[in-house]
Amino acid sequence: MKPNRNTEATLVDLLERLLDKGLMLNADLIIHVAGIPLLGVNLRACIAGMETMLRYGIWQDWDEAQRAVAAEELRRKRSAPLQLGEEVLLEMFASHWHEGSVYRSWRPGHLYVTDRRMLLFRKEPPEVLFQCAYDDIKDMVIESGRSMAGKEISYLDLVLNSGEMVRLHPADARAVEEAVQAMRSRC
Amino acid sequence: MSLGPIGIEGNDVYTISYKDLCAIVHNCPAEPYASDDDELVKEWIKAHQSVLDEAKRRFSVIVPMGFDMVLRPKDASSSPEQTVREWLKDEHDRLIALIEKVRGKDEYGVQIFYDPEIMRLATSKSEELQKIRGEMASKPPGVAYMYKQKLENMAKAEAERLVDGYFRDFYEKIRCHCDDMVLEKNKKTGSGKVMLLNLSCLVSQDEVNALGEELEKINAMEGFSVRFTGPWPPYSFVSESKKEEGSKT
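Each protein sequence line maps, in turn, to chains C and R.
My numbering numbers the first residue of the first sequence as 1 and each following residue consecutively.
My numbering numbers the first residue of the second sequence as 1001 and each following residue consecutively.
None of these hints come from the bench; they were simulated from the model.
Just to be clear, a hint being listed does not mean it is correct.
[Unchecked claim] Just so you have them, the derived chain R footprint on chain C, three or more residues with Cβ under 8 Å:
no., region
1, 16-23
2, 114-127
[To be verified] Once the Cα atoms are required to be at most 30 Å apart in a straight line, the calculated BS3-like pairs of lysine-lysine come out as:
no., chain 1, residue 1, chain 2, residue 2
3, R, Lys1101, C, Lys2
4, C, Lys2, R, Lys1089
5, R, Lys1185, R, Lys1046
6, C, Lys2, R, Lys1046
7, C, Lys151, R, Lys1046
Positions of the beta carbon are idealized from the N, C-alpha and C atoms, including for glycine.
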């Protein structure tokens, strides 16, 4: 097997070495600008596999500036009504049980657990299906049930301070519960 | 001496020497290179790398620095050249040692991936698991459910043991061909494959073919694939922390 170095694919390998390694000069001899991402955001993102990191809710390793820039990129990409500077901690598919006067059904969308709120957003046609701030939540519990096909599934049930009861079916209920619990204990 | 206008934005690249050492530099504005434009950044990276290639061609051994090492003007009285020369003087012995450490060697990246499906299939053949499955078949549904849990836990543990075994095996096999090696963090892939091993290897030029053959064998194993990149300047093997030396004044 021959080693490869001259293609687009190996640019990431070179970048990782250039950005984080190599001989160091004493800090007092060089100019550095703290907190500003020095190189193109997309190249940084491809090093870290950012989208994948996001799906798993791994956000702690990044420094402030990179996160802010990355969050802005995602905000533009997603078309979800995220606010400026709002950071997404976890995202996944989820459905919301809607019990209205006219019809009752599951409404699917993208669930975002952010540093400000929970938000369930459907892209087409665009609509916020559900959202709440963390101190709106009075109580939260995971309930097991069975799908139409007989498969075991987990729901995330919320009781809001207003008395409203909310039932969500996320792709990973436990992960959402943990993330929301972490945010609730922060308030 | 000048290496020509091969620096970033066509800047002239030249050397600053002290005794048997020289630093390869070019002039630039007093701020780090920063941009959002990916294509521009790629050009900068390529320029940086081609300067190193040219230097290697001329001087045969190079110790690389990371991107954006911009020397600050210390004060009005000393020039950047003086600062570099002083630094070379202060660090002379350490730098010579680094040069000798990497002479005749290059850095290579080795990443090994596995397909979790194949791993799962391999563990399902294990005898212990077969035995439990056999027992499960004869039990009533309620009890069988608990066996299923046990089975899943065991399968998971088996898979982890198997993966661990491969990790250690490949690590040792690759280590044999390297003068030094750094274990890097595994990264998530988009593709469903899992990264098992991520290594930066310092390999002597006459050992590279042997390493390539070893990796070819691993790549041919069912469920595994190998990514072999390089040769790179030895970035991973020169970022030592400064050591205190009693003999230094």
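Practice task
Starting from the hint list further up, note which numbers the structure goes against and sort them upward.
Solution key: 2, 4, 7
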